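Between the sequences and the hints, there should be enough to build the whole structure, so can you do that?
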Amino acid sequence: MSAVLKIFLSMSVSGGLLILVLLLGKRFLKDKISRQWQYYIWLVVVLRLLLPFGPEVSLMGKAYQAADRAISQTVPIPPQQADFNTPGDVSAPAVGLEQNNESVNPPAENLTSAHPLQEIGTLPANYAWLIWLAAALGLLIRKMTIYQGFVRYIRAGSTPISDIERLDELSIVAEQSGIKKPIELCVNPLVSSPLLIGFFHPCIVLPSADIPEKDFRYVILHELTHYKRRDMFYKWLVQITVCLHWFNPLVHLMSREITRACEFSCDEAVLAKTGSGSAQDYGKTLLDAMAAVGRYRENLGAVTLSENKQLLKERLGAIMKFKKPSRAVKILTVVLTLCVVLGAAFVGVYSPGSAIVSAHAESLPGAPLDTAGRPSLSLDVSSAAVNVLAAADNQISAEYNSDVYTVRISQQNRDWKVSISCKTSTNTNDETIKLYLPSVDYSDVKLKADNGYLTCGLIRSGNIVGNFNMASVFLILPEGFSGSVNAIADSGYFQLVSQDDFKNTTTTITDNGDWGEIYKPKNFKENGNTSTFTDGTGANTIRVTRKGSGVMGIYTSQSFTASNELPDDWKELWQDEWQGRPWEDDWWQNTWRGDDSANAPAASDERFKKTSTVSADIERYYEAGSLPLFEITFPRLDESTQKKWLEKCYAEGDFAFFSVAARRLDTNSALFTGFAEKAYADEKTAFFSILTDCMNETQLDLWLDRALEDGNWAFQSMLFDKMGKRDEFDELKENQEKEWAEVQIAEYEAAGVTMVDEKTYYYQGQLVNIFLDIRKDGSFYTLNMNPKGTVNIKITRDANDDITGVAYMTEAEVAEQFGDMDDPDDKTGVEIIPVDFKTVAAGETIFLGDYTLSDGDEILYDISSKTGNRMNVFFAKAGQKDVSYWSVNNLRQPGEALECIGNFTVGPPASKPGTYQLYLQAPDGTLGNVKGSVSIVSADAS
Amino acid sequence: MIQKISDAELEIMKIVWGNPDEVTLFPYIMDGLAARGRPCQKNTLIVLLSRLMNKGFLRAKKIGRRNEYTTLISETEYQTAQTKHFLDKIYEGSAKGLVSNLIMGDLLADEEYEELKRLLEKGKGRQ
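The listed protein sequences derive, respectively, from chains V and P. For what it's worth, my numbering labels the leading residue of the first sequence as 7, then goes sequentially. For what it's worth, my numbering labels the leading residue of the second sequence as 141, then goes sequentially.
Do not rely on the hints blindly, as some may be mistaken.
[Unchecked claim] Distance windows between CB atoms, simulated:
#	chain 1	residue 1	chain 2	residue 2	range
1	P	Lys182	V	Phe34	29 to 39 angstroms
2	P	Asn241	V	Gln286	48 to 58 angstroms
3	P	Leu248	V	Gln286	52 to 62 angstroms
4	P	Thr210	V	Ala141	48 to 58 angstroms
5	V	Val347	P	Thr210	34 to 44 angstroms
6	P	Asn241	V	Glu219	39 to 49 angstroms
7	P	Tyr231	V	Glu219	37 to 47 angstroms
8	V	Glu320	P	Ala175	43 to 53 angstroms
9	V	Thr165	P	Tyr231	34 to 44 angstroms
10	V	Asn535	P	Thr210	45 to 55 angstroms
Since the hints were derived computationally from the structure, they do not count as laboratory data. Predicted, not measured: the structure shown is a model, and the values here were computed from it. Glycine included, each C-beta is placed from N, C-alpha and C at the ideal position.
Here you go:
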């Protein structure tokens with residue numbers, strides 16, 4: 007059955023329930039409770055009838071589910087399916103798929119959890135909702151034309167009242183009532199009682215101009231009250247409701263009741279204004295108004311002063327009984343209002359997803375598909391995390407949490423449609439949905455993601471059209487991809503990886519976005535806001551457009567290295583981190599809020615509350631090891647949070663993150679100079695070097711001067727390097743060393759030690775074996791050993807590091823200082839794995855052994871290959887050779903050696919400790935003369 | 141055809157016609173009505189003005205929040221039309237009847253009579 011109609015029926019039923027309750031209640035409370043309330047409380051019912059929203063658990067939802075279940079148990083043979091097949095072939099319909107194709111052999115094994123309610127209704131219900139809609143529209147149009155005709159009729163026969171006194175009185179009363187709009191005043195002898203017409207040019211029409219002053223006042227007061235309260239709009243809202251729910255007699259009843267309540271409450275409002283003392287006069291006016299007899303059905307749409315005799319009698323009664331509400335009545339009113347509103351919410355509305363999902367199990371079984379030819383696929387993801395995987399058999403199926411997601415799969419003549427959405431307004435992303443699709447050649451593939459997360463690397467052939475909005479989409483084109491891609495990513499993150507490096511493609515990347523950027527391979531030709539790349543036949547067209555604010559990553563398999571690919575970690579991250587975080591924190595928009603990171607966390611170990619979306623996001627990116635996203639988000643943080651992150655990276659020795667963050671800093675900012683000072687003071691050359699990359703010539707000069715003044719060699723060296731003045735430094739160093747050596751010689755000489763050269767010292771005429779010159783802080787000035795020597799001496803220094811004397815070292819001292827030096831049991835903590843291969847065949851992956859790595863271990867690669875194009879060294883977990891860790895994958899650059907050199911530290915966020923296998927791979931052509939080593943420096947060694 | 145207007149509306153038109161400026165503003169009319177001893181409410185005047193616009197006597201040009209009113213029918217045009225209507229209705233189109241009635245009823249002062257005579261001579265010469 008059509009979902010729309012289903013929802014509508016449920017709304018009608020729940021609204022009908024409310025109407026019954028209110029009509030019953032009215033019998034008891036008619037005179038006790040405010041007429042205004044009796045009028046406006048219907049608004050709750052009208053809204054219930056018009057708005058298809060309701061809480062998760064509702065009476066209607068439950069009722070429908072129960073109905074669905076009951077039917078599925080009692081109706082074993084839906085008739086029309088049998089008609090498709092051979093007569094007598096008694097079988098239930100296929101499951102999950104709303105299957106309209108005439109599959110000849112429906113699978114018997116898939117018939118366990120049939121869902122016949124959908125099937126039974128399919129054919130007639132397809133038209134039922136059309137009939138309903140047509141009737142509703144027809145009714146509405148009829149009502150509108152009748153009203154229009156009426157207004158025309160009234161207006162045509164009206165003569166404006168030109169009596170200035172009357173007009174003035176109307177103006178004054180209107181002003182007192184707070185109506186700004188001028189109201190037209192007319193006389194039409196054809197109307198039976200005063201009435202108000204016109205939405206935008208309101209006009210009060212009187213049956214006659216000749217009415218007593220007092221009556222005139224009441225009449226216009228009454229009509230102006232209607233206008234002021236917008237009763238016209240209320241009336242038409244009710245009329246629309248009646249038209250839509252034309253099949254529901256209770257709704258018609260309600261409409262009549264509202265018309266009556268409208269007059270009652272208007273009378274009440276008039277009397278409240280004029281005071282109850284005027285009740286009698288007002289009642290008389292009503293009676294006088296009845297004296298004239300109209301000749302037109304005027305009770306439709308227009309707001310009249312009197313409707314009919316019966317109603318008038320009741321109204322007179324109510325007017326006479328009018329009194330101001332007491333306190334008790336007021337309280338009662340509040341309680342009743344709450345009851346009705348809660349009641350309206352509780353009866354709720356049938357939500358289309360719930361019944362279907364709970365009828366299915368966690369996994370949605372599909373029917374075997376016709377995979378011959380090229381099927382077309384349409385995948386629509388809304389606020390959900392979806393991972394597209396290859397199906398083992400030719401079935402479409404999904405594993406998902408039915409409490410959170412709605413998954414609909416349908417097929418019609420090789421038109422496959424999958425639509426996935428989130429049932430709740432705040433998605434908790436309980437888990438990633440695994441969507442299994444047959445790995446076949448497709449014709450058209452429509453991918454749509456609105457919010458949420460989509461990973462797809464399945465389409466090896468097909469014309470992909472992607473529309474992504476505020477989503478994270480990871481599209482992988484497998485090797486040998488044929489077809490086309492036309493993707494528009496509006497905000498969010500879009501990543502496209504071509505595993506055969508855009509072979510035989512014409513690729514165009516267009517940047518129409520505002521804030522954000524595109525990472526793309528270097529060999530793409532840039533021209534304005536487009537980049538193009540053509541390879542081979544160029545037959546496969548890839549067109550990618552960035553819109554809005556977001557980040558896009560276009561990668562070849564080479565440029566897509568360990569730093570941005572962490573598939574397993576992404577998955578884990580998804581499970582651990584993003585789980586339980588609602589989607590509404592679309593940081594792309596929230597990042598503009600500058601003030602929201604004020605209460606950001608000090609460090610990642612504090613799982614902070616959701617106070618700041620930007621800082622929450624940056625932590626995600628940090629944990630995920632996603633440098634581009636981290637870099638993009640970093641400048642959006644406020645300064646104190648930026649500082650915290652820099653400090654964190656600094657403290658944890660996270661060079662990569664520190665470097666991308668530093669790149670985004672203003673080199674003149676206090677933050678930048680602060681860290682430069684800090685790195686300088688801490689003598690952290692690595693961090694300082696990162697910062698110098700951002701500095702300009704002047705800044706470098708200043709630092710160099712300072713380093714020269716401080717005699718800080720390491721920094722001088724680095725700064726000279728940065729400024730391209732290596733030679734200058736070498737020269738300087740040579741001179742300095744010479745100078746320093748001379749000073750040293752003189753100093754030792756004064757203490758009685760003669761230095762012949764760096765290796766040879768004499769003390770009191772004896773050749774020195776161990777020569778130790780140690781500072782207070784434990785570092786050495788000089789440590790020399792000359793096995794030929796006969797004495798062991800040490801220099802002693804005072805707090806100012808001035809030499810105070812020379813002494814012979816005792817055996818104990820020697821043992822203490824050097825005893826462990828030739829201890830054979832000593833584990834150096836360094837494991838060196840030599841690499842020496844004559845040749846590594848193309849495509850070969852050589853296993854270099856299992857290694858147990860723990861947090862803090864350092865891995866150093868230093869391997870070179872004399873011939874060959876490409877070399878890859880990496881660790882992997884046993885049995886998962888395709889997921890590499892700490893990999894270095896290098897291509898030979900023209901004129902340079904092919905080398906894999908690099909170092910990594912084991913530990914979060916990129917990796918976990920454990921046992922890994924070391925591999926050397928020749929991914930592209932044979933390697934010759936591969937030499938070098940891989941060293942693992944244990945964390946306890948240093 | 142020029143539509144009929146009520147006395148209150150004519151009162152307004154007279155003020156607008158009497159305004160030497162090309163355009164007339166709302167407060168001018170308001171003040172004019174008060175000066176003539178017929179003050180009215182603001183909304184009443186708005187209603188009357190909108191009626192005059194519907195009848196094709198006035199045109200309003202909205203400038204910002206205020207309306208600038210200009211006449212579409214001149215005072216003379218209106219008077220001519222009214223007189224013609226009056227003649228048709230009372231004297232069955234005969235101006236002679238009207239003038240003789242004016243003279244017979246002593247409704248004309250001597251100076252007015254002389255003036256009329258001169259006007260008649262001029263009219264003859266024009267033919």
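| message | Can you tell me whether the CB distance of Asn535/V to Thr210/P sits inside 45 to 55 angstroms? | response | 53 angstroms, holds
| message | Verify the CB-CB distance for Tyr231/P and Glu219/V against the hinted window 37 to 47 angstroms. | response | 40 angstroms, holds
| request: With respect to the beta-carbon atoms only, verify the hint that Asn241/P and Glu219/V lie 39 to 49 angstroms apart. | output: The hinted range 39 to 49 angstroms holds for Asn241/P and Glu219/V, with Cβ atoms some 40 angstroms apart.
| Whether the CB-CB distance between Asn241/P and Gln286/V falls inside 48 to 58 angstroms | At 55 angstroms between Cβs, range holds.
| task | Take a look at whether the Cβ-Cβ distance between Val347/V and Thr210/P falls inside 34 to 44 angstroms. | result | 55 angstroms, violated
| task | Could you tell me whether the CB distance from Thr165/V to Tyr231/P stays inside 34 to 44 angstroms? | result | 28 angstroms, violated
| message | Taking the Cβ atom of Leu248/P and the Cβ atom of Gln286/V, is their distance within the range 52 to 62 angstroms? | response | At 59 angstroms between Cβs, range holds.
| Glu320/V versus Ala175/P beta-carbon gap, inside 43 to 53 angstroms or not | Since Glu320/V and Ala175/P have Cβ atoms about 52 angstroms apart, the given range 43 to 53 angstroms holds.
| task | Given the hint of 29 to 39 angstroms, check if Lys182/P and Phe34/V actually sit that far apart at their C-beta atoms. | result | At roughly 48 angstroms between Cβ atoms, Phe34/V and Lys182/P fall outside 29 to 39 angstroms, so the hint is violated.
| Range hint 48 to 58 angstroms (beta carbons of Thr210/P and Ala141/V) holds or violated | Cβ of Thr210/P to Cβ of Ala141/V: about 51 angstroms, so the range 48 to 58 angstroms holds.
Checked against the numbered hints given earlier, this structure breaks hints 1, 5, 9; the rest are met.
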